[in-house]
Every structure is written in structure tokens, then in C-alpha cells.
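K.L.:
Residue-level listing of the chains:
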Amino acid sequence: MSFLIGKDMRGGYGGADILNGCTIGVDKGQIAVVVGPNGAGKSTAMKALFGMLSLRAGSVTLDGRDITSMSPQDRVACDMAFVPQTNNVFAGMTVEENLEMGAYLRRDDFSDTMAEVFDLFPILKEKRRQFAGELSGGQRQQVAVGRALMTQPSVLMLDEPTAGVSPIVMDELFDRVIAIKKTGIAVLIVEQNARQALEIADIGYVLVSGENRFTDTGEALMADPEVRKSFLGG
Amino acid sequence: MFALMSNFVFVPALTYGSQLALGALGITLVFGVLRFANFAHGDLMAFGTMGVVLITYWLQAHGIGIDPLPTALLALPFGIALAVGASLLIDRTVYRFYRKRRAAPVILVVASVGVMYVLNGLTRFVIGAEDQRFFDGARFLISAGDFKDLTGLDEGVTIKLTQALTVVVAVLMVAALFWFLQKTRTGKAMRAYSDNEDLALLSGISPDRVVAVTWIIAAVLATVAGTLYGLDKSFKPFVYFQLILPMFAAAIVGGIGQPIGAIIGAYVVAFSEVMLTYAYKRALMYIGPEGWGPEGLMQILSTEYKFAISFLILVFVLLVRPTGIFRGKVI
Amino acid sequence: MSAILTRTRLAYLGIIVLLLLVGVFQSWSVALVMINLCLISAVMALGVNIQWGYAGLFSAGTVGFVALGGLAGVLISEAPVIEAWDVGGAGLIYSVATLAALIAAIFIIMSVMKPGTARRIVMTCVILGGYFAVRYFFDPATDAIEGVNPSAQGFLGGLGLPILLSWPVGGLLAALVAWGIGKVALGLRSDYLAIATLGIAEIVIAVIKNEDWLARGVKNVSGLARPMPKEIALQESPEFIGWIEWLHSGALSTVTGDERIQMLRDFAQQDAGTFVKLIYMLLFTVVLLILFALAQRALNSPWGRMMRAIRDNEVAAEAMGKNVTKRHLQTFILGSAVVGIAGAMLTTLDGQFTPGTYNPLRFTFLVWVMVIVGGSGNNHGSVIGGFLIWFAWVQAEPAGILLMDGLTFFMAPDNPVRLHLLDAAAQMRPLLMGLVLLLAMRFSPKGILPEPIRTAR
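Chains as they are written, first to last, in our numbering: chain F, 1 to 234; chain X, 1 to 331; chain E, 1 to 457.
Derived from the structure by calculation, the hints contain no laboratory data. A few of these clues could be false.
[To be verified] Facing chain E, according to a computed beta carbon distance under 10 Å, are these residues of chain X, among others:
id, residue
1, Phe-31
2, Ile-107
3, Asn-120
4, Ile-244
5, Lys-306
[Claimed, not checked] One-sided excerpt, in silico: chain F residues whose CB lies under 10 Å from chain X:
id, residue
6, Val-83
7, Pro-84
8, Asn-88
9, Ala-91
10, Asn-98
11, Gly-102
12, Tyr-104
13, Leu-105
14, Leu-135
15, Ala-144
The C-beta atom is built at its ideal place from N, Cα and C for all residues, glycine as well.
Just chain F, same shape as in the assembly (with noise of 0.2 Å):
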């Protein structure tokens, strides 16, 4: 049993399901990537995992409770975090700001956590002062990891985290990724760029039309032929 998982997950936005009875889960301390063809439904899983879809059918679990039923902003609070695709940073807020507000649910002292997410971002401490909306896209990704970073999750969900970012940036920003999982946080990836994405996956989901149509580790996905053939172009 995993530590995060959506157990035969069944839903959509009204009309017909997107998600047809799909299982992800992930570990603490361990990466786990979903792959898949364009409409297979991995945004709309992580969404669901991360309650802004209802499920019709099927259940998720955080460290044995069930959740199924919670408010995104109660999983926050349930140390959840969560970095949607687009629109991830507050442009009009400073970067110091911005982590301030991840911070939000946090009595506590937060420097020590901030400290740690600028020792992960250099290039962040370095702008802190800056409005989020003026840096680059690359940047802003990782202002925007930052952000999820300062609840001390237990679980950080990425849409996409390399949508629109050079390759070399993209490579960087799984370095961080690896980083951070080592930390013991449970990492979960929906990415377009598969290849990249699974050479760091613990483990991998491929999955097709809302339902899971691979699972394995990384490296063995990268080795299946019909899972080079099919989604990782040959």
C-alpha cells in the first residue's frame, strides 16, 4: 500500500468519464511519474488525487485515511502540495512573497524551510526581491516548486513542470526534483516529456484513454519495446 494512491479512480467534468477506474499511487521518497498520449487523463488523475474533481467511483488514501471526500484546501492542510501547468506563481508578488504565501497555513517560525528552498533554488535568494511575473519561465517553475515546498509537504504534485522550459533548464529541474525527493517527500509527475520524466521515475504510469495500460519502474519501461514503441517514439 502506498503512501498517496487513487485506487480505480472513475470520473470526468460531467458528460462521459475521463478517468476509467485508473490507479496511481506513490511512496515517501520515491518519484513517480504518470506518462501517457494527449487526453489519456493525467492532469485530470492528479486533479482528482488532489480533490478538484469528484470521483464517481474509486477512493484515495494519504498514509492509510481515506481523503476521497476532502477539499483541495484540506489536503493542504493535510500537507499535500500541489503546482498546477500554468498560472503557478503570484505574478504580482515579490519571490519572497510568493514563498511567504506557500507558508500561509504555517504558524511556525518558516525561515529555516525558506532558508532550505533557497539553498535548492540559489538563483531565487538571488531575486527574492523581484516581482515573480518578470522572471523567466524557467524561473517562475521554480518559484513556483518553491512555493509548494515552504508547507513541508509530505506529497508535492507537478503538472507538467517542464512545459515550455529548455532542455537544459528541463534537465536542472529534475536534478531538483531528485533532490527533493531524497529529502523523503513523495514526488508524483504527470509529464509530456516521457523519456526525460522516467529516466528519474521510481516508478512509471503509462496510461491510456483513463486507465492504466502500463505500470513498472522507470528503467524497465524505458527497456519494454512495446512502451518505447508506443509512447516514447521507438
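Mind docking chains X and E on chain F? Use the hints.
P.N.:
Just chains X and E, lined up with the frame of chain F:
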């Protein structure tokens, strides 16, 4: 000449601008957080001020005062409490329903028009539609005579007490507001919510709390602005309703959703209005040689059209830069 | 489909019953006055429904367009004041010419000079200079005009044409202003149209109130021409008297001699008023029917379908290549024109132009309530809403006084609280209408007659 401009242009415009700024700040904050143009703001102003006026009369009747300051200052907290209570109640009964179902902004605008008439009706029901003068205390901070004695100049600059009071109170209020928005946790949460609602929710910021705080601030600002305006001129519900036009103009000129913009915009509107409707006859008589005084009032625009000035500024901004001076939100 | 048809029929039936009750319990004359104002209200509601129901445009300036329609009534039907034209006409024409030159100069500067500080400075100078040049001709001309027989005239007068012509002209006038304001405010945030229309309405009314040379301002223009003979003329017309004799032959046959003449005169006096009201009713009904038919046709045409598509999903419609802003402008102009027509009709009915009465509560807001309560997007709903809300509006004040009287019956007649409440009952209307709007939006957002759900056949 200098004294004339100061007495009739600069000081009145500064005063009026400060009153507008407090009102426009409320509009812009509500816009930033709740995302709709609140048509009821002028009537909220009237409603809160009505509370102040009634308590002022009561205090005056009982001989309680703080001479030389106007008694209304003593009554202000009651008016504020009334306006805050009304705002929270209205949000609970009207706006929250539409917010929860994420209705289009225009639905909220229509609802705010409904609220506007309810507040307007209540105000007129309680205090009537007529002019109310509730100013008391000293009239001048610096009278013309004082100024001449003080400086030895033969021109007299006068500053009315209400004018000085308005500017001082406005500066204090604005300073407090910016401190709140920039430095406190709740203030930052408000900015965050206005900046990116979804992300604010993902950070655990409670929308109900942010919205409630916004209404409280808007109501406080509105009541203070309304009271200062009423002390300076007089209290008449219909005039307060009409004030929403310059206030909207100020908020949009500055960039709607941007507090600094609202303040700058308010002074732009106020100075344009006063300068364009000021009768320059006396000023011209002063600089021109004897007997050269112009025949007309030499007003650029007659006073009846002062609302047209806000409107023209508004149209100009919408045409040239719809986002306002400080990029506000615009779809 | 049939459910809504039944509902529509029931609603109309209800209105008829309501008006009949007024006739029976108050008086037929009151009922007729009410019907006429209801008809005008229905036309206004139809106009606002075109904007809001068809396209989702929120205009807060209906009162301005009503006033423009009213102004058309004066400009069309009043006889021209030749003397005023003599003293001020030339000056006025010069100022208009100067204004045209100024506008041309602005356009030339815009196209010739490059954007920058230099252009800004030149532009400011030209606009200021031009403004004073216009005022140089304008001020003495208007002063002269206002000086001509100020107690009765003091304005330019109109064209001396039949007042019925002012109805379409009022619509045109309103459409013209709507075009200008729509050009500026549409295509931006939806709230900006509301704010801009609120502003233009204030300005239109300020202009009408203050520019005495145009239509006498707050001094009012009374005794406007009528589309039918006046009551006095009717009472003396042999045809009308003959008709009255025939109508009341039963009653008249019971008396003879002087008594009969007196009775006939009484009948003629009484019926002349009714007759005039009936003619108005007929005219208004014809206008309402025509506009209703046109609105209904537009709604069911491909154009109407497109408008609904835009209203329901602007992004999708835009993606399909529809020019949303242009369509919005079209609807906004059409709706405003209909409101303008209604404004002209109202002034015709009143027989006078009184700028002081153009109150946003009475026009802008009330018409809104009519549309929303009636059922936005449904033309029948707007008509029903127009009738119903006008009825409620008229009855609100007496009802309020009655209510206050009832609530304070235990107090002494000179109790200050009681006196205040009775006095304040007149202020009940905004409160009541605001509550009606809020309650309707919340609990019956589709209104009495919901917009029919159209399905593909």
C-alpha cells in the same frame, strides 16, 4: 494670485481627491478580490455616513462634542460599524451565492445594482433624501487674516478645518492600508488572492476570510470617505450615488485592482474636475490690468458638467490604455 | 414547448385580469393611463432585453436613451423659433463648423505626425485652441438664443413636423449615441460598458438639463403637439358629438331639452379624455406589436442564434470566426434604439418634455427589473415584466403608505415615529424594487417566462 489658486483650486482639489481616493480604493479592492465593479459603493458610502450623521445629531443634542474638531469624528466608529455590518450581511445574503457558483462578473454587477437600490432605499427611508449639514467645530484652520499676520504677505491663504482634516485622515488611512497589504499575513493573503485565486486556494488561503476582510476594509474606507465628503460639503444620498462615476474613473485610470493606481487616479480626476470647472475670472482680473476683467466667468466647463470630466477621462483611458496607468486587470 | 406556451398565455391572462381589477376597483381612466405606461414600459423592456437577454450586455444608461428619445419629441414637433435662429443661428453654425474643423485637425495630426511628445504637445494645443474657438462662437450665440422671449421660448425650437415622426427619430438619436459609447466600451471587460453607459446617461441628462438653447432645459417644454386632436377640440367637433349621442343613446333618451344638452355635454367631456387615451393605446400597441414581431424574428433568425452562441460561450464563438465585438455593438445599438423610441413615445404621451424627471431609478433600474423578472431572453417575458412591474411600481407608494399606516396604528396621530414612517413611505420604491431584483435573480433567475430551451429538430 497664488492665494487664489491655492484657495480655490489646489486645496479643494487635494481635499476632493483625497475623498475620492478613499472611495476608489474600496472599489478597486473589491474589484481585485471579488472581480466585479461594485455599483453599490456610493450607496454604501451614503449608508455608513447616514449612521455617522444620526449619531452626530444625537451627540450634539446631548451636548457631547470635541470642539474644535467636528463631533462627527466621535460618531465615526458607529457609522463604520454600521457599514461593516451591512457589507458583511450583504455579502452573506447576496454575493456569496454567486461567488460559490462562480457566476460571470456581470451577474455580480447586476446584483450590486440591486444592492445599490436597497441601500439607497434604506438610507432615504431612514434619513430622507434632503441635504443634511452635520458639520460643527471650528471652521478654519488658517483664515485669511491669520495667514497675512503670519507671513506678512498681503494675500490670504485660507485652509478650512475640514480640508486639513480630510487630507490628514486620508494620508493616515492610506498609510495604514498599505502597511496592512504589504506587511501583514492577512494583507498579503488578500493580495495573493487578488493576484491568482486558484493558487491562493492551493496555498490554503481561505476565500471566505479574504472576502470578509475586503468588505470590512471597503466599508471602513467608504464610511470615512463619505463622512469627510459630508463634512466638507453636505450629506445628500443622491450626490453620493453620483460619486461612483468619478470613483470608477479614478479606479480605472489608475489601473483597476491596483491600490496605488486608485489613489493617483483619484487625484487626476479631482484636479481635472476642479481645474476645468473653476471660474478663472477672478484670477484673470488679478493678473490683468485694471478694468480688463473678462465678461464671462471664464470657466472652461460649467459646474453642471463636472461628471462629464470623469467620464471624458474614463473614455480617454479606455481608448488609449484600457489597463490604466498601473497595469490593472483587463480581459 | 406547450408548457411554456400555456405559461405565456396564463401570464397574459393574469395581466389582463389585473388591469380589469384596476378598472373596476379604482377607475377605468386610471386603468387606461396605466395601460399606456405599461405599453411604453414593455417597449423599453424589449429594448433592454435585446441587450441583456440576447447578448448579455449590461447597460446602466437606459435613462439616457429614454431622455434622448424625449428630446427628439421636442426637436421634431416644436415649431422653429425663427427669431432665435436669426439671432443665434449663424453663431451656432460657425461653432459647429469650427468643431468640425477641430476634429479634422485632430485626425490630420494623428495621421501626419509620429506618436511622441511633440505630437502630444501639438495635440493639446490644438484641442485647447479649438475648444476656445468653438466657445467663442458658441457662447454669445446661445446667450442670444436664450434671450429670445425666455418665458416661453428661449430655444431654437424644432422642425415643426408631426410628432409621430419623433418616434423613429428618437430611436435614431439613441442609436447614434449608443454607437459612440459602444465603440469605446465594448470589447473590454463586461463591467466597463456598465460604467461607461452610466456615465453617458449622466451626461446626456446634464446636457438636456443645462443647455437651455436646445430644449429649454429644466424650464421644460410643455404643450407639445399631439398625434390626435385635443380633448377640447373633440368636444366641439360635431362628428364626435354625434358619435357620443349614438354611444349613450340609451341614457340620453330618458331626458329631454336642456337637461339632455347638459348630459350630452357631460358625456362628451368625459369621453373625450377616454377617447384620447384609447387612441394612444392603439398607437402604442401597434408600435409594440411591430417591434415585438421584429425582435422575435431577429431572435429566431440565424443572427439571433449567433447572438445566443456568443452570449453563452464568447470564446468558442470567437474561435469560430464570429466578430464578437461587432455583434455586441450591433445589439447594443438596436436595443438602445428601441429604448429611444419608447422615450419619444413617453414624451408624446406626457405632452411635455421635463428633463428633471429623468431619474435612473425610474428608468434604467426599473426596466432592468422588468426584464429580469419577466424572463431575460424571452420577449414575451419582457412584455409581461413591463406590465407587471409598472403595475407594482404604481401601486407601491399607496401600498407603502397603507402598510406604514397599518404598522403604526397604535401610535398617536402626531407621534413623530409614525409621521416619519408615513413620510418615508414614498421612499419605499427603491427598497422594494431592489429587493425584487435581488430575490428574482436569486430564486427565479430565469424569470416568469424562461427563455425557451431550443433543441435541434
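K.L.:
Now, for every hint given, state plainly whether the structure supports it.
P.N.:
To see whether the hints hold, each was checked on the structure:
{"no.": "1", "hint": "Phe-31", "in the structure": "8 Å, holds"}
{"no.": "2", "hint": "Ile-107", "in the structure": "7 Å, holds"}
{"no.": "3", "hint": "Asn-120", "in the structure": "5 Å, holds"}
{"no.": "4", "hint": "Ile-244", "in the structure": "8 Å, holds"}
{"no.": "5", "hint": "Lys-306", "in the structure": "9 Å, holds"}
{"no.": "6", "hint": "Val-83", "in the structure": "8 Å, holds"}
{"no.": "7", "hint": "Pro-84", "in the structure": "7 Å, holds"}
{"no.": "8", "hint": "Asn-88", "in the structure": "6 Å, holds"}
{"no.": "9", "hint": "Ala-91", "in the structure": "6 Å, holds"}
{"no.": "10", "hint": "Asn-98", "in the structure": "8 Å, holds"}
{"no.": "11", "hint": "Gly-102", "in the structure": "6 Å, holds"}
{"no.": "12", "hint": "Tyr-104", "in the structure": "5 Å, holds"}
{"no.": "13", "hint": "Leu-105", "in the structure": "4 Å, holds"}
{"no.": "14", "hint": "Leu-135", "in the structure": "14 Å, violated"}
{"no.": "15", "hint": "Ala-144", "in the structure": "8 Å, holds"}
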